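**Q** Residues per chain are reported as follows:
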Amino acid sequence: MNLAKLEPIAMQKENVESLSNTASLSSALLERKNQAPGRPDYIKVSNFSFNYVPAVRVLHNITMDIPEKQVTAFIGPSGCGKTTLLRNFNRMNDLIDGVSQEGKIYVNDQDIYDRDLEVISLRKRIGMVFQKSNPFPKSIYENVVYSLRVSGQKNKEVLDEVAEKSLRSAALWDETKDRLQDSALGLSGGQMQRLCIARAIANRPEILLMDEPCSALDPIATAKIEELISELKQSFTVVIVTHNMQQATRVSDRAAYFYLGKLIEMDDTTQLFSNPSQKETEDYISGRFG
Amino acid sequence: MSEAKQKIGGSKRGRSAPGEPMVWFSGMWLAIGILMIVFLLSVILVNGVSVFWPKNVLQIELTDNSKAAWKESKYLAGEVRKTQERQVMDEQGEAIPEIQLFVGNRDVYGFAFQFVDDSDIVKENYPQGILVMERMEYGNMIAYPVKLQLADGRVISAGDEKFHQALTAAVDRGNHRRDKISHIEKGEIGDVNRAMEQHKMELKKGELDGQDVEKIKLAAEQEQADLQEKYEKLAAEATALREQQNEEIFFYRLVTGEERSVSVGFLISFYYPNQLSLFGKLGHFFSRGWSFLVDEPREANTEGGVFPALFGTFVMTLIMCILVVPFGVVAAIYLQEYAKQGLVVRVVRIAVNNLAGVPSIVYGVFGLGFFVYMVGGSIDDLFYPERKPAPTFGTGGLLWASLTMALMTVPVVIVSTEEALSSVTRGMREASLAAGASKWQTIQRIVIPGGLPGIITGMILAMARGAGEVAPLMLVGVVKLAPTLPIDTVAPFVHLERKFMHLGFHIYDLGFQSPDSEAAKPMVFATTLLLIGLVVVLNAAAILVRERLRRKYSSGAF
Ligand SMILES: Nc1ncnc2c1ncn2[C@@H]1O[C@H](COP(=O)(O)OP(=O)(O)OP(=O)(O)O)[C@@H](O)[C@H]1O
Ligand SMILES: [Mg+2]
Chain A
4 MNLAKLEPIA MQKENVESLS NTASLSSALL ERKNQAPGRP DYIKVSNFSF NYVPAVRVLH
64 NITMDIPEKQ VTAFIGPSGC GKTTLLRNFN RMNDLIDGVS QEGKIYVNDQ DIYDRDLEVI
124 SLRKRIGMVF QKSNPFPKSI YENVVYSLRV SGQKNKEVLD EVAEKSLRSA ALWDETKDRL
184 QDSALGLSGG QMQRLCIARA IANRPEILLM DEPCSALDPI ATAKIEELIS ELKQSFTVVI
244 VTHNMQQATR VSDRAAYFYL GKLIEMDDTT QLFSNPSQKE TEDYISGRFG
Chain B
75 MSEAKQKIGG SKRGRSAPGE PMVWFSGMWL AIGILMIVFL LSVILVNGVS VFWPKNVLQI
135 ELTDNSKAAW KESKYLAGEV RKTQERQVMD EQGEAIPEIQ LFVGNRDVYG FAFQFVDDSD
195 IVKENYPQGI LVMERMEYGN MIAYPVKLQL ADGRVISAGD EKFHQALTAA VDRGNHRRDK
255 ISHIEKGEIG DVNRAMEQHK MELKKGELDG QDVEKIKLAA EQEQADLQEK YEKLAAEATA
315 LREQQNEEIF FYRLVTGEER SVSVGFLISF YYPNQLSLFG KLGHFFSRGW SFLVDEPREA
375 NTEGGVFPAL FGTFVMTLIM CILVVPFGVV AAIYLQEYAK QGLVVRVVRI AVNNLAGVPS
435 IVYGVFGLGF FVYMVGGSID DLFYPERKPA PTFGTGGLLW ASLTMALMTV PVVIVSTEEA
495 LSSVTRGMRE ASLAAGASKW QTIQRIVIPG GLPGIITGMI LAMARGAGEV APLMLVGVVK
555 LAPTLPIDTV APFVHLERKF MHLGFHIYDL GFQSPDSEAA KPMVFATTLL LIGLVVVLNA
615 AAILVRERLR RKYSSGAF
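Residue numbers (our numbering), protein chains in the order written: chain A, 4 to 293; chain B, 75 to 632.
Be careful, since some hints might not be right.
To be verified - Interface residues of chain B toward chain A, partial, derived using beta-carbon atoms under 10 Å:
# : residue
1 : Lys254
2 : Ala312
3 : Gln415
4 : Val498
5 : Met502
6 : Ala508
7 : Ala511
8 : Gln515
Calculated directly from the structure, the hints in this document are not laboratory data.
These numbers come from a predicted model, not from an experiment.
Cβ coordinates follow ideal geometry from the N, Cα and C atoms, glycine included.
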């Protein structure tokens, strides 16, 4: 197991400052909107292979570029390795004993398996929504501001503001504004999932990894989340795993189809869904679309 | 057993649902177990509570040649403690019914309990005027009041309507003076003695350090003289009070006809058992129960209260918890969260589990050898050379007893903490790490709070075991009678080196070491009940905290 070290203080400070300066979500969005369009290979995966147990390869030679400030969808049948790849972007798989990988992954030109890289600072830049919702057994409020708390943010005003913004963005504010101090475990399954989304975006990460974020949500909440994703991509890079093809077409700019641990095809979403170049992709998509 | 087999056979033939007999069978054993516990607790409860209930005093007239009689007297009076049949039958093989009387007045009769055959009793009655008195020595007195002689020489006879009031006031005065004497002797004279001791120690220390002894001596002598003067003044005050204690005299007559007298300063309380209404009895019951809790023991612990033992048990359990919980939790965190899970950790885990099964006396011996002699001896050598050869930490005491108990209970805490920590799901940890928390932050903010109820469970188990233990404590600091409490108003307030009393040992001592085990029996039950009560209270407090934690952040939404 990898023992993560504490992030240098300077970096923490910067993080906090940027947070407190972010007066509101919209102004932050505007700021970034005016920036140059993102680079096409913000996350760069090259020849990446992955084993959970020796000799059982789960990912085979994946090479792909994930563009900045766009939404990339991972699709593919169950067990094909979407979650595994996603969890490698923030090195969550480090926590599992006996894993091994080959090849490289770069985030913004930085090799994330570089020995000098602080895995904590990497994770601070990447938000993650897990396939299974996993709220902490704490209050709703504490769940949302958790990432700020561990970064040392103590200013109540900042925390309050971030909590409200994040919950609003995750379409949960109206339901929870009167019970912020109640246990998060008292929420419904769908509410928990939205809470996890709120938690993941609370410290404005550069990259948001979402593993089937809408699988437990009703259409209204799903629509809100999709809206949120479209909003977020103005400033953040989003990678979303989904089994819902319509959702993939609705929210994503690029889509990648995986099958048995291999990347079969990756293209602009419209292109991939309307005119896939590979037979397997077409079968999968058409099977889904009926 | 055969019945159960039959039932199983029956189920095979399909007459009842498969496994049904096993359900009944296991249920039966559970029921038996619960019944046994309930029985034990109710025996203790009934016996323990009834100790404080004032019983009526029966006066009997005996047949001419009864063996139960005291000297020539034909009368006896006392509380009926038992009605039973004699263990030996008469020549015809018939059972002989008898009663056991608590007759008190041990100073006169030489015994406090007497068995009387039913056939020896000619007449029974419950005399209204008979009095039960608690005194400083020889247990209770059961007698008729005659008169009270006051300090100014006035005499009030028992028939006087002011007698009751006067006696109450006199006894109150006596109690008050006794408190004052003990305050002077234990408190103020104790302070003076400590100061004198301090001077001697400083002198000795100075000598050991090779300082200019003459100079120190000169300075010390003056102070020593001052202290001596102070001491003499206090001692004189105490003596005067003691004399006053004997100025008022209470005269009484036993049912046997013998007249006697006693200084009022010797008396503690009195009541007319046969005159008490239900409320009077209740009031007496509670006041006796209360003084049992808050008073110091008297007469080799068989009378009076158990406060020092109660307090000692409580303080020791508390210190044990303070020592064991952080230690056990940290060890469990290392084992569960940091150590590489492999052969070594497995072996360590097995070893820890087995440590929980080591007989407690082994811990006692270890505590004595290691903590008391080695560690304590070294501390004395290093920090208290001036007090040698008298040991300070080099003898059993509160700290060593708590440490020994902590060592004994640490496996329990480790095991339950590990369990609690491992119950915090991987998903929860991953969520925390993904949010940019370090491993330690995750443990601190997610894993430990999540495991806290389980950690408290471990603490409860440790407390119950620590509070109820006797054997190892006897080796490392528990004594029959401790002159001082381990916590008092003398700096540094908490005296970790002091010997202390413990309820568990108190029970053992009363039940098996006291000269008159019959007299000690009520105290054994009452003390047992108190020990159980203390453990229950401590556990209830911990459970309350745990439930509060559980309720705070969880509900059944899954
Ligand atoms: N912790 C693990 N240890 C060993 N094998 C694993 C582990 N997690 C996943 N796998 C295996 O890796 C493969 C890919 O799993 P992964 O979770 O990435 O699939 P997925 O594409 O996310 O599927 P789904 O759509 O069902 O979530 C599967 O065959 C799975 O059995
Ligand atoms: Mg998955």
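**Q** Minimum Cβ distance from Ala508 (chain B) to chain A below 10 Å?
**A** Holds: closest Cβ of chain A sits about 4 Å from Ala508 (chain B), inside 10 Å.
**Q** Just to be careful: measuring from the Cβ of Met502 (chain B) to every Cβ in chain A, is the smallest value less than 10 Å?
**A** 6 Å, holds
**Q** Quick check on Ala312 (chain B) please, does its C-beta sit within 10 Å of some C-beta on chain A?
**A** Nearest chain A Cβ about 61 Å off; hint violated.
**Q** Verify the interface restraint on Gln515 (chain B): the C-beta must sit less than 10 Å from at least one C-beta of chain A.
**A** 5 Å, holds
**Q** Restraint: Ala511 (chain B) near chain A, CB-CB cut 10 Å. Satisfied or not?
**A** Holds, because the Cβ-Cβ distance from Ala511 (chain B) to chain A comes to roughly 4 Å (cut-off 10 Å).
**Q** Are Gln415 (chain B) and chain A close enough, Cβ to Cβ, to be under 10 Å, as the hint says?
**A** 8 Å, holds
**Q** Lys254 (chain B) was flagged as interface toward chain A. Is the shortest Cβ-Cβ separation under 10 Å?
**A** Since chain A brings no Cβ nearer than about 56 Å to Lys254 (chain B), farther than 10 Å, the hint is violated.
**Q** Under 10 Å, Cβ to Cβ, is where Val498 (chain B) needs to be relative to chain A, so tell me if that hint holds or is violated.
**A** Since chain A brings a Cβ to about 9 Å from Val498 (chain B), closer than 10 Å, the hint holds.
Taken one by one, the earlier hints fail for this structure at numbers 1 and 2, listed in ascending order.
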